[in-house]
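Line by line, the protein sequences give chains U and G. Position 131 of the first sequence, counting from 1, maps to 131 under the numbering used here, and the rest follow consecutively. Position 200 of the second sequence, counting from 1, maps to 200 under the numbering used here, and the rest follow consecutively.
Keep in mind the hints are simulated off the structure, nothing from the lab. Each residue gets a CB set at the ideal place from its N, CA and C atoms; glycine is no exception. A couple of the hints might just be wrong.
So the derived list for chain U, only partly shown, Cβ under 7 Å to chain G, looks like this [what the hints assert, rightly or not]:
| id | residue |
| --- | --- |
| 1 | A269 |
| 2 | L289 |
| 3 | G328 |
Chain G is nowhere near these chain U residues, computed Cβ spacing over 10 Å in every case [stated by the list, open to error]:
| id | residue |
| --- | --- |
| 4 | R26 |
| 5 | D135 |
| 6 | H453 |
One-letter residues, chain by chain:
2 protein chains.
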Amino acid sequence: MDENEKKLHEKFDLLKGYLDKEDNLRFRKTYLDMHFYDQSTFYLTLDAEERQKLYGILQPNEMGDMFDTLQDDLPEIPDFLLEMDVKYAADMLNYMYDDNAADVLEHLDKSHVDEFLEQMPKADANNLRGLLHYDTETAGGIMTTDYVEFNESIKAGEAIQDLRKFAETAETIYYLYLLDDHKDLVGVMSLRDLILQKPEVNLRDVMNTDIISVNVDEEQEEVAKVFRDYEFLAVPVVDHANHMVGIITVDDVIEVIDDEAQQDYSGLAAVNVDESEHDGPLKAASKRLPWLITLLLLSMFTATLVNHYEGLLAQASILAVFISTITGTAGNAGTQSLAVAVRRLAVDEIDKSDFFKLIGKELLTGFVTGFVTGVSVFLIVGIWKSNFVLGFVIGLAMCAAIMVANLAGSLIPMMMASFGFDPAVASGPFISTLSDLTSVLIYFSIAGVFISHFVGS
Amino acid sequence: MDENEKKLHEKFDLLKGYLDKEDNLRFRKTYLDMHFYDQSTFYLTLDAEERQKLYGILQPNEMGDMFDTLQDDLPEIPDFLLEMDVKYAADMLNYMYDDNAADVLEHLDKSHVDEFLEQMPKADANNLRGLLHYDTETAGGIMTTDYVEFNESIKAGEAIQDLRKFAETAETIYYLYLLDDHKDLVGVMSLRDLILQKPEVNLRDVMNTDIISVNVDEEQEEVAKVFRDYEFLAVPVVDHANHMVGIITVDDVIEVIDDEAQQDYSGLAAVNVDESEHDGPLKAASKRLPWLITLLLLSMFTATLVNHYEGLLAQASILAVFISTITGTAGNAGTQSLAVAVRRLAVDEIDKSDFFKLIGKELLTGFVTGFVTGVSVFLIVGIWKSNFVLGFVIGLAMCAAIMVANLAGSLIPMMMASFGFDPAVASGPFISTLSDLTSVLIYFSIAGVFISHFVGS
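Chain U with its partners taken away, still in its complex shape (with noise of 0.2 Å):
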């Protein structure tokens, strides 16, 4: 790619030397040559008195397609909005698809957002209002009106005619969408299969009746799980009469898979991973400290059960060798099996039944990790301290322990999900912390049992 972006580099100082020298013509020749992502690019370049120059060179439709292929989170959007003519942005938002529209009109305070709606013929404005209303993470937040619709009783030849119309503004006119007289949604046709028809054919004798689609509310991900498995460029929209509200398109889901694996990654790791570059060490700290002032406050309660052993401690000092290796490799065996657990989570739903097999089946691999780990650290601390009765007890704890975070790691977000909460927030950290009490409490249990048995030995 390194040579792609040379070029496109190159092509921006052209650009900026148009910019300066007010030679319009050439700058909108090249400018709009190029891809309306490299467009955004170039935009994202430039300071406030060169964007400024750039809105009297550009109309708002032009102006709209770049904005389509903008980042929605971007934090100098809003920005944006605000230092251009009212009446210019409201065009462009108006210009853009309605997905992305209300998208970017959501990072807005609400008086600019009416401000800008005001501007905008009513129908157009009310549309807006309608989509802002859908929870942003919902199928209704994510999808679009900008479709293609005919009543099903249009016949092939009309229909490519037709399309012609819808191909500007429309977001995708690979699939057709098919409604009854009361607008319900009765078939799908790909223009794929269109093309082949002959002209004279109706549209209803050939269109696909078999509708998968989804409704306004569902989840983001579970559009994402049906893009996946039926491989859909786009899916439509219904509400709870089935009548068509919209359409979702590839490129929004897999914006979504994206953000839905970052979230999982921020949660394994107890922290959002989305920092912004330009957040200096303060921010990032900032974010970072709740969860680690959390865990540690978490972890006190271990300190204070390690503080109830001192006696136990006071006698066999050799005890606190062993701690951190206990711990940590109790906390390791929970991150995996917490691993294993979401991301299974993420993929199926779970019922009762399957329930109680994968906590059996967890119980089962935690006990034969937790046997085989504990026979390692058994031998391998009974030759090291010459001392099988020490060894047999860090054993011992380390296999109970094992067995105890890995089940801990399965059914903590497990459960979480069968009350409705994101399991993914069940964090590796979180899991390792908690297990680092268990493990502890494990460990010192033992170690009282077999005391005289490896003290002195």
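Once you've looked at the hints, dock chain G against the given chain U.
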């Protein structure tokens, strides 16, 4: 989706009834009306005998449409192919999109692959053999050669006519690729733009010449980035001489994004989260144990280190109380900074000047988090034990341990990336086990300096 699932299962029961009664006509009608993905879900519910009946009822091309949607890494796929008549299987593979056929063949023994390829027309077999040569995780490994290409001199009207020929075989007809007389890729046009053109227009004059393509040995993550940025439905793949060799479609990219997310997530937890549901506890344990045992051995160094300080511990067994608090919290901080670094590496290329800026920032972030956490623990321990010297020792050790863990968490993945390794392999458990070692060293060193001040006070 539950309503949809119920309807689907009713349909499956119906289909099984037809299969039992050998009512092939009704079976074909119901089966072929379903989406390919639903067909494949049905196929996976059949036993060997029922599948044999299916092979008798369906044509190889109908079978191929369904096989196109099967996950190529399903462990049963080789068995499915080998239970078919060789000629039937070869025909089916030939009807499949060639990227999918190649993916399926990749999971078979070489001898079986040759057997199937021998049954195919020579050109098709050679084509597949070509695809099998590419590394599976590169552009070549996920591309298809079933795309629409024209000479740039074609007129819009002719192109639409000729497109019908491609509609049956090409994986997407929504982009047309235009070649010059040397077969170099010189232009791209979407079907959407094509239908807006007058029939007599030369595509050469209206095609998009600002072509974004990927090189055949580009890594698949880089390909995914292009799709994310430009929101394409397909991207052309070219060889080093800019000759077009294939296209990559968005459905394959969704798979790539999922796979990459899974790998990152697995890396962070030090476990392959893609454990099959069908894996028994032994299999699952055998996948998790290598990491656990490796980390156990690493943690034995920590144990040896604590052992080295046994004299100190014997003097002040209170020190043992805070071992797990310090190692645990530093490990959590290290995991956070690791996750941030790995994620940033996945999104951006990081060059030398960024490297030092990022490390500097991470050092400062570590200082702030370490300082705040250190002060907290100083107060907690000081008040709890009425011993602010001890509190100071624990707080100072905590602060230093967090700073080191933070630095390691970002330095290790960045160094791995710059040596060409996948940074996601540096897992959370690895970082926290490693940081146990440094934390213990820091803790006892500081405690050693101050021991006379807090013991016996």
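Hint check results:
1. A269: 3 Å, holds
2. L289: Status holds, d = 6 Å.
3. G328: 5 Å, holds
4. R26: 16 Å, holds
5. D135: 18 Å, holds
6. H453: Holds, since 20 Å exceeds 10 Å.
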